[in-house]
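Given next are the chains, with one letter for each unit.
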Amino acid sequence: MLGVYVHLPFCPYLCPYCDFAKWPHRASAAARYLTALQGELAATPPAPAATLFIGGGTPNAYDATALTGLIARLLEHFPSPVAQPREVSVELNPELVMPGDFERYRLAGVTRISIGVQSFEPDEVAVLGRRHSAAQVRAAVQAARAAGIGSISLDVIFAIPGQTRASWRRTLDAALALDVDHISTYGLTIEPQTPFAEWAAREPGAFASDAHEADLYGDAMAVLRAAGYEQYELSNFARPGHRCRHNENYWANGDYVGLGVGAASYRDGARWVTTRSLEAYLAAVEAGAAIPRETERLLGARRAGEAAMLALRTAQGASVVEFKERYGVDLLDRYAGEIADLRATGLLELTGEHLRLTERGRFLANDVCGAFLTFD
Amino acid sequence: MNKPASPHQLEVASRARNFCIIAHIDHGKTTLSDRLLEITRTVATRDLEEQALDAMDLERERGITIRMHPVTLEYRAKDGERYRLNLIDTPGHVDFSYEVSRSLAACEGAILIIDATQGIEAQTLANYHLALEHDLTIIPVINKIDLPAADPERVMGEVEELLVMERSECILASAKNGIGIEDILEAIVARIPPPKGHRDHVRALVFNAQFDAYRGVVSYVRMVDGELRTGSRFMSMAHQRVFECTEVGVFVPNMRAVERLEVGDVGYVIANVKSLGDIDVGDTLTAATNPAHVPLPGYRKAVPMVYCGLYPNEGAEYDDLRDALEKLKLNDAALVYEPETSAALGFGFRCGFLGLLHMEILQERLERDYTLDLIATSPSVVFRVTKTDGTVEMVDNPSKLPAANVIRTIEEPYVKSTMIAPPEYVGAIMEMTQNRRGALLNMEYLHDGRVILTYEMPLIEVIVDFFDQLKSRTKGYASLDYEMIGYREGDLVKLEILLNGEAVDALSFIVARERAAGRGRALTERLRELIPRQMFEVPIQAAIGGKIVARETVSAVRKNVLAKCYGGDITRKRKLLEKQKAGKERMKRVGRVELPQEAFMAVLRLDD
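Protein chains in written order, with the working numbering: chain A, 1 to 376; chain B, 1 to 608.
FYI, nobody ran anything at the bench for these hints, they're computed from the structure.
A hint or two may mislead.
Mimicking DSS-like on lysine-lysine, the simulated pairs with C-alpha atoms at most 27 Å apart in a straight line are [to be verified]:
id, chain 1, residue 1, chain 2, residue 2
1, B, Lys274, B, Lys327
2, A, Lys324, B, Lys581
3, B, Lys575, A, Lys324
The model shown is predicted, which means the values in this text are computed figures rather than measured ones.
With the sequences and hints as input, model every part of the structure.
Structure, rendered in structure tokens:
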């Protein structure tokens, strides 16, 4: 299966915790970028793709005309595989949603939207440097549903400075009250070279301890599961039939093509990321030159280790049978010591042919995943 | 040249003088040596710098000379005669006091340098007493007199008072700026007696021995009686081994072969000796036919005072470590080692050293020159354990201490330690030494107000972080020297450290019962700071004879999850986890607990 990711890097304003490739939205730059993107697309071999994901940045910093136009070209370039309905996702900022947008998205083929909510608490939204209101979120969800978007997802963040278990519970309850199909809960990550990293260096006490973060994560799992959502990945919860197939493909170590500045691709065992410099990206595409990129190809056990790191994030876990077939690595043999330790510590379990995280293991997933990585 | 004399007569090498320079650290020994070489044109100024650069990094960094070869200076004195002045270096640290004593035994005189700004320090006194024991003529030199803070008058007062020498015997000098150097050379000629020896038998004192990869052992000798030539067959009296001289020579300053070494000469002997176990420091070389009946006094085998376990951080490096130790041993007879096994650390070696500095130097050499990644356990002394059945065991590893119920007595080595410090620090020193079971023997006030404190203390209390503590509590003003005075019985117990309920052999140590609980508390606290949080809670306990005396807990990591891992993140996230894992793998796993290397040395860094 092939997935296609398209990066739209412009935002109405920049959030202080985000380290994606992103720039403040300017009409001229955004138009130039869209043209370049089409240039890159034209130079990319067409192939059937099962999923398309438009991420950012803030994709709806582009108006619906631009966005739907882009989607149409992409769907034409990457046709639907035989006998498979296509998943087309778009990430959205609720405050930029305009009346009529969702109808146009649906008509263009969009099946799934993911709204960046982060929190329903006004002070937490403010701490994150974002400007939308809970009312705007509700309005966006209702409009999307009314327009017939098949799958609606919300992103929420925990471990925000100042967040309590009670306030997190209110955010979770507010998300549930909107009756959405999918919820992603992300622990706030301090990324280097962001304003939050500077803040954390100055005032580490402002950020959640790992114990508090564990409590918040545990609360999310309990509340969302009780509400009928399946935790199909460490940070992702879905109602039946509403998993994000595009993301599942990443964890299955499937192939994908990334388009746009800083986008990552993975095909036939090689991974490459195009330049994160907007200037370099534009210049290369406009000159018809190769876009600068970094490539990495993992072989043998290293590739299997990385695949295990990804698979273990999912509820299903890593299939011992599949790993033997696909990578020629017998996990139970090669990692016998590690697996015994992790099972003894209660972090990992073997169910049938699947190695997977236990409930406790979800809190310490890095320690489990790390055990399968080999490096020189 | 030597005058011919009949066999049973004493021969006097009237144109030779053998001397050494002794000083407290930083009082200017190296500078004065360099200046003497330069003024006698033994070495051009330009070469001096190169020579300094050739010195080992370790020595330069520590500002100490561990060992230097001797050098012969040609000097035309004011009496018009040419003299051969043999300068014999002495190692500058108490760990090497035996080597110092052998170097002194090769001399008739000593230049005792005293810093005009600092005055007499603990090592000055120790060196002075050592020189007196060897009956050396002492020439006191007050150095650095041109510094603004110099107070030669005061220092000369100290010489009169502490060294019982005449003020008029002092030479005022500045080695750095060449002041007083002629006076020193003249004093060497005038005051130090020429060497004397017999012709009817051969005895050469080995005061230093180095291993050369190509030539084998190079023995640095002082000819006491008779002569040695290339081709002579000679015997090591300590090891009863016979060799044939392939080369004898002198240091001018580089090695230069000569036909023979005669009474009073200082030079080297090379004889295809494969190991420092066949000839070592303090040995007497004599003729193979008609050997001397009695060796020169003072030989003893180097006795390690401090032991620690050295383990490769990666088990795979065990063979590399063994090879490296073998190579170091070739050049350092004082190093001893034997394989040992630790439940916590796997296969390694128990290594014995002359002292803490010797230990640190060799550890650094293993890590730098042999690029080994080592874990060193905290140092121990050798305890003498008498068991209830009357047998005696020497225990250099706390984990080998017999069970308490079969121990009748434990004895430990003691030292006499001398400290000199300004009076405002006496309280701090007394508190420190009391905490370390020191007994004050003597307290003496100097003219300048400084105080000399003499203590008897257990050696273990001195080697474990005493010097650093002393320096920090006296703002660097106190100086320290110590000498061994034998074994004393002590009320000693083994303190065990338990991690996650399991005793860790490499962390146990032997300690005075009265201090055990306090040390246990301090160590568990320190370990709590050093041990990173793990996936589970780690209790750290200190126990004496099974009874817990202290407990700390490292709380568990509750959450360690990457929130996002999508297409664009995978490489970066994998690298992040690899880095986390590499950090863990640097650690030593003991049971289920990951320990950083520093944990094994934690006991060395405890505040009182």
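Structure-based check of each hint:
This hinted pair checks out: Lys274 of chain B and Lys327 of chain B have alpha carbons roughly 12 Å apart, not beyond 27 Å. Proposed proximity of Lys324 of chain A and Lys581 of chain B is supported: the alpha carbons are some 24 Å apart, at most 27 Å. Of the supplied pair hints, the one linking Lys575 of chain B and Lys324 of chain A holds, its CA atoms being roughly 24 Å apart against a limit of 27 Å.
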